[in-house]
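K.L.:
Model the full structure from these sequences, guided by the hints.
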Amino acid sequence: MPVDLITLPCLADNYAYLLKDRASPSVALVDAPEAAPILAALAERGWRLDEIWLTHHHADHIQGVAEIVAATGARVTGAAADAHRLPPLDRALRPGDRFPFAGETVEVLDAPGHTRGHIAFSVPGAGLVFTGDSLMAGGCGRLFEGSPAEMWGTLTRLAALDPGTLVCSGHEYTASNLRFAVALEPANQELIFRQEAVAEARRMGRPTVPSRLSDELSTNPFLRADLPSLRAAVGMPDAPAAEVFAEIRARKDRF
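Just so we're aligned, residue 1 is where the sequence shown starts under full-length UniProt numbering, counting upward by one.
Since the hints were derived computationally from the structure, they do not count as laboratory data.
Careful, some of the hints might be misleading.
[Unchecked claim] With a cut-off of at most 20 Å between alpha-carbon atoms, the simulated DMTMM-like pairs for lysine to aspartate or glutamate come out as follows:
1. 20 <-> 4
2. 252 <-> 145
3. 20 <-> 51
4. 252 <-> 185
P.N.:
Right, here's the structure in full:
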């Protein structure tokens with residue numbers, strides 16, 4: 001991998017990510033839930049922050065930006081469609097845009113559902129995707145602004161990435177997500193094994209993200225709404241995948 005990746009717990013259950021180019025001093029931050037732990041991590045390593053990439057406009061992903069920019073002078077990147085409700089952007093991008101970092105190409109992916117202007121950052125050469133509150137470990141974000149069809153489209157795009165990709169999502173929700181997943185698929189042995197591994201990680205105080213996309217494909221019910229087993233689990237054997245996803249999301253909201 002051409003970058004070093006640091007997963008930083010922030011607030012009660014958020015994560016931010018630092019990427020350090022191994023061949024240069026360049027450092028990027030993905031999302032900024034709060035400034036203090038991020039600035040402390042940079043100081044501890046002697047790193048200078050160059051860029052901040054924002055996935056969406058919710059306060060728990062952007063409220064540290066102003067203080068971090070004041071301390072570091074980092075350039076801020078975010079979605080052009082959300083520029084009116086993000087911190088001031090130095091680089092406003094649209095889905096399909098690309099930009100360089102660490103000798104690799106970063107691809108901006110359309111990721112609506114949780115919010116309308118949500119984007120994800122894929123770094124194929126490094127095997128990383130930063131999904132914010134779209135695809136999450138064992139789950140997906142609530143549909144605060146987008147429709148089930150939009151989120152299913154987002155998850156379908158993310159599911160098409162290389163299965164070895166590390167999914168860097170925005171919250172420590174994995175244990176609760178997997179409890180719901182097991183309720184839907186109690187005979188899924190890979191899911192049961194993952195639930196046990198996640199429980200052990202949390203007992204040890206370790207983050208459960210990033211997660212491997214291959215594990216999401218085999219255990220995350222929100223990526224599996226097109227499979228006969230999930231259709232049967234929700235009593236919709238002949239329904240389109242987007243409708244099955246909508247039912248799974250509605251059940252998770254009530255779980």
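K.L.:
Flag every earlier hint the structure violates by its number, smallest first.
P.N.:
Checked against the structure, no hint fails, so every one of them is satisfied.
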